[in-house]
Structures are given as C-alpha cells and as structure tokens.
Amino acid sequence: MCLGIPAQLVEIVDPAAKIAKADVAGVRRDVSIALCPEASPGDWVLIHVGFALARIDEEQARETLALLEQIGPEYEQELAELRAGTP
Amino acid sequence: MPALSNPLLEPLSDSALLEVDGSRLAFTTDSYVVKPLFFPGGSIGDLAVNGTVNDLAVAGARPIALSAGFVIEEGFPIDDLRRIVFDMARAAEAAGVPVATGDTKVVERGKADGVYVTTAGLGVVPAGLELGPERVRPGDRVLLSGTLGDHGMAVLLARGDLKLESELRSDTASVHELAGALAALGSGLRWMRDPTRGGLATALNELARESGTTVVLEEETLPVRPEVAGACEILGIDPLYVANEGKLVAVVSADTADAALAALRGNLLGADAAIVGEVRADPAGLVLLATALGGSRIVDMLVGDPLPRIC
Amino acid sequence: MRFVSEYRRPDLARNVLREIEALVEPGCPVRIMEVCGGHTHTIYRHGLQQVVPPQVEFLHGPGCPVCVIPMGRVDDAIWLAEQPDVVLTTFGDMLRVPGKRGSLLEAKARGADVRMVYSPLDALELARREPDRTVVFFAIGFETTAPATAVTLLHARDEGIENLCVFCNHVTIGPPLRAILDTPGTLVEAFVAPGHVSTVIGTRPFDFIARRYGTPVVVTAFEPVDILHATAMILRQLRDGRCEVENQYTRVVRRDGNLRALDALAETMELRETFEWRGLGWIGESALRIRPELAAWDAEARFDLPARHEDDFKACRCGEVLVGAIKPVDCKVFGTACTPERPLGACMVSSEGACAAAYQYARPVSLTTA
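Taken in order, these protein sequences are the chains called U, S and F.
For the first sequence, the positions run 1 to 87 when this note's numbering is used.
For the second sequence, the positions run 88 to 398 when this note's numbering is used.
For the third sequence, the positions run 399 to 768 when this note's numbering is used.
You can trust all of the hints, since none of them are fake.
For the chain S half of the interface with chain U, some residues (derived, Cβ under 8 Å), not all of them:
{"hint": "1", "residue": "Lys250"}
{"hint": "2", "residue": "Leu251"}
{"hint": "3", "residue": "Glu252"}
{"hint": "4", "residue": "Ser253"}
{"hint": "5", "residue": "Glu254"}
{"hint": "6", "residue": "Pro313"}
{"hint": "7", "residue": "Glu314"}
{"hint": "8", "residue": "Ala316"}
{"hint": "9", "residue": "Gly317"}
{"hint": "10", "residue": "Ala318"}
{"hint": "11", "residue": "Glu320"}
{"hint": "12", "residue": "Ile321"}
{"hint": "13", "residue": "Gly323"}
{"hint": "14", "residue": "Arg396"}
{"hint": "15", "residue": "Cys398"}
In short, the hints are calculated from the structure, not lab data.
Just so it is clear, the structure is predicted and the values come from calculations on it, not from any experiment.
All C-beta atoms, glycine included, are put in the ideal place defined by N, C-alpha and C.
Produce the entire structure from the sequences given, and follow the hints as far as they go.
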C-alpha cells in the first residue's frame, strides 16, 4: 500500500532474472527491477516489497523542492499579479 | 507473579537493593536467549555479561561479581561454546568484574536452541547515592549516552530473513564507567536505566508511570545512525522501540544537565551523548514526542516486538 | 536519506503552513480524507493535525489493506498454516491480526510453520529451497503490492515451481472510494489520494471522483511536507472553485502509471465479483483473485478452505469510522473494550487503522490512566 522507500541502484546482480542491488543510507538489498527494467546503476528508484516500482525523476524532485521553498502568501501574491498582468 | 511477591521485588526495577550490615547491595539476574548467537558486534556471551553489569550500573552499583549458568543443547559445537565463553571473559575483564561461579547443564537435542545463558550479578551501591523514579521532578532533563537502535537492528538483519545487508553492528558494551561518571554528579542524578528490550520508549514509559510525570522527547535531538534510520525506514520500524545493549538513559536535574552531558561525552562510549528531553508535570504517566515540525504525539508502550510492515 | 529528508524540513513545512493559513477562511471547516495507511501514519507520527489551522480536519478512510481483511479469511490462513507440510509466509503486518481463532503469531506458537517475509520473492525462494514443503504466500495489499505478487506468480509459472501457491487477498482502491462518496451524509470535501497505489495505476482512475462527484483529489507523496503541500493544493482548488485530480507526487507518479505492472496484473489476476471488507461489508469488483489458467498456484483452488464468515462484534462501529462519518473517539468502545491489544474491529487491528493510530498517538488523556 504505502511503504515505498527511495533507494539508489548500485549494480545489476542478475540481468536475466532482472535483479539489482539497491542502497538506502548504506543498507542494501537485492530487488527485482522486472517492473522497471530501464533502471540502471546510479538511478534512484522507489522500492516496495522487494520490487522497484518506478524511477524517481530527479528533475521533478528539484522542481517540487524549489516550489516548496518559494511557496507562501508572497508567492500567491506574485502569481495573482502575474495573472492580472497577462492580457 | 504473586506467589513470589515480597518488598524486594515490589519496585520491579532491573536490580533488587538489599541492606546487608549497613551496606547496600544490588542483586540482579537475566537470561539470554538471543538468535542468532553470533552477530556483527558481538555474541550471546557479550550480552550475557554486559547486560547484567549494566543492570547493576544503572542501579548505581559498582559491580563486584557475576555468576553464569549455561543450558547447552546436546551436540552444540564445542568451538562455538569456546567462542561464547571467550567473549564473556573478555567482556568481564573490560567491565572489571570476575565471573565468580557458574554451572553447566546439557539437555537433549532439540531443546535450548543451541545454548541459553543466565547471569546473575552482585554490586555495591555507595552510601548516599539515591536513585529512583520517586526522585524525578518536573524540570529535570533526560540524557541519552548515544545512538538508538543499533543492537536491535543489527540482530534483526543478522537473522537473515529480511535479506538486508549492512555494516550495522550491535552496540553491546558495559556502561559502568558512564554510570559512574554520572553518579559523581551527586544528588543531581535522579534515575538511570539501560534501554534494552522495547527500546528507549519502553524505559521512559515505565519511568513516566512510576514517577507520575510526563516525559517529553525532542525529535530533532534523538541520535540515530544513518544506517539504522535507513533500515528502520525500509522496514517501517520506529527506532524508539528498538533494543540497545550499550547505552544508558538518565534523568538529571536541570542545573546539572550540561555537566552530565560533558561527563558522558568525556568517555568514548558517550561520544554521541545528547540531551533528548525533559520532565513535565502532566499529563502524568505519558511519554510525548515533540516533532520537528512543531506537532506532538504520544510515544506509547509497545505491544509485542516491533514487526516490519509494508503499509 | 535522499528524497525523504528534504520533505521533512521544518522550514519548508513553515512555508506551506503560511500558505495554508492564507487560504483558510474563518468559520469554514475543510474535511480532507486520506485513504492510505502510510498517510495516516505520517499525519500521526509528525503531529500534522496539531500544526494545521483548526479549520483543516484530516479524516482517515479505509486505507489499511490489513485492517479490512475479514476474520474468516485470517482463520483460513491459520487453517492453511496448520496443513501438513505447509509453510505459511506473509508480511509482518499480518502476523498479529486476530481472526476468530487468534492470530498467525499465536498459531506459530502452537507449532504451525508461519514465517515472515519482506517480499513475495522470498516465498518463491523458500519454495525453491524446500521442494518437499508447500509454501503458501498470504498476499495482502492494494494495487501497490499486487504487481509484486503477479511477477512472483509469473516466475513460478515460467520456472515450473509447483510447490508455491498464493492465498490472494489483494484489494483495489476505487470501489471503497466510491462507497464513501455514495454514503449519504458523507462529510468528505476532498481526497489526499494514495501516492504509491498511483505509481502503479496512475492518476486517471481517480478522475471519476472529480468529474462525477465534484470532489477535488490530490495524489500525494508520503512525507509530512508533501501532505501539507497537498493540503494547500486542495484549499486552492476549493477557493478557485476548481475540481481536478492534481499530482503532488510528480517525482514518482506518472498519469498512466506503470504499464508493465498493469500488464503483469492483467496476465495473472482478475476482479472478483464481490469481496467482503471488514467494517464495510460486501463491495463489488473490489478485490483480485488469481486467474483460472494459474489455478495450480492458487491456494483457494488447491485447498478446500473452511471459508467461514465471522460476524464482527455488535458494538463495533468501524463502518462509520471508515467512511469518515464518525471519529474514533465517538465510538463507545474506543480505548475501553476495544484497544490495539484486544481489537474488536477492523480499525484497531493494525497500527495504520484509524482507531489504532488515534489510540496509539493521540488518544484523549482520560484514556491514558493505566
């Protein structure tokens, strides 16, 4: 349901069986990349019950953080002014 | 167990205190049934000595002797037994306490899971040292000697069922020097405990109930190694409930908190020591956590062992 | 921890909270329901209900796939564990859930071979290593977890491993959401939708909530700042008079989900006509079973399960809690006859259940005297 954790793929352990080693803060486990076969060592993926379910989009993550850093009433005000200014 | 009820057992703390000819003796016993017997950082032998020494130490006692009883399964490899005994001897030497007496019994194959060890310990509590939940006051501070959850997670991963690899090691160690450093503070030291099974949360819940106070922990101050945090995140376990075998939690008066912290940090085992919370008057009997985001939640008594979850 | 710790930063939380405060209106309560044990857990663990303005109320819906398994199905799992040469494997979450005959942990203490696994692939590995035993995997979880079971089944089929079978109790998120929205007098004004289920199914399956029921939805990640961010997005929708499915979890969730995972599900499982949800009753097309072609790996086909229906206790009001109609504290037996140690109903059985979480992390002081 929920407990998915971001992990970095360290190496492909068994290409035929689609097993890779994933690392979370130094703790490692073999996971299946059968559902995410395009993932390669160095990529960050979401792990749930021993499977990589999706690749983490680092660009999107950065954008989300940038948004969260700016968000607030001043940001709302800026957005409102921007909208009011466009023809 | 009502049949055994007597005033010495009543406080139900880790050690019993006995008055003998004007001296106070601390007397404690524990049985060790850990699986696996050998794990990164130690073995059942280390736990058997350090665990009992620590129960004496947190009672304020200077450990003077241990006894060790072994129940061994027939066919248990003699080399493994030698390793365990060696570990015990080494741990006893580090703690400066002799294993004065012992016993061995062999049982048939299939009983005893390899080996069970029981140790008992005797120590002397210096005159004038008074420790206990009744000494704890609102305004007191809570100190922790180091990182949380190292032992429990190391052992859980060592069992192999979850197939997680890590460099995690048990923190099994004798905390008698740390306890001694705090005892030197005098009446500013109120209470000590080694947060073993059930973790820090269990030790503090027992304190809160016995002292009728509230213990409030500050989330941001809790020391946790990144690997322990990572393993706990993967498995959905809360480090507050995971066993520690080389740590001590203490309550000290507010004005001795800084000195206490310095005393702990002055020892190698206390390098990561931190002030992690404080005692308040109410709601009585509860442990609360002030979250990093400014909210709060109850840190309840645990039901059973912490189990990994997927949800 | 990368991609986790950043979304727990107190400074970002403060930013979003200021945004939320600017968006709420005095005297206008907003009731936001989440339907995922992970969201329930985050909200309680970080104390989010206390930091948001009083107008914002988090409701906890039927998001715990452990809690909604009826007692009769747990009893079936225990029965399986007691069969000769069977090893019953499951996730840690299920071990303490009580059926009418106690829990799997208790069955293990009585001698049944019950083992905890982290992944269904571990059950498959066990089957490979112990060819003389029949390994049964007690599969639970929403669409997040079902693909893992699906891939495991495909591996077993392709390798010819016959001593593995699955007792399938996977459930789907759509039907209970519909059930909540169809409940007369429901107070839910918006949904924080489960981010990890969406990793598999995408965001499209939630479109009906916005279109047919006029209720905003934000598909959300699991850290506290994410949930606060989703709250701000919902408040903005309500203020603007918009009603959409938005994606807060853009770093992981794609609109179409994971097609490989959906294919694996289609190849191995199909929807049951109906399934009993503890606390909610029978809900149509809300659960999965193994396809007939794979009957050799289906525990329900290989074994003649007792399949008894067990009624919940009369005092139980879980059904009302699960749809957000009442709060745990409104239930007479909350914290008294019904506690995590002795749960009477679905909402108390696992730590993500609405009542278990409320009891453990935030129960009223009157219930705390031991």
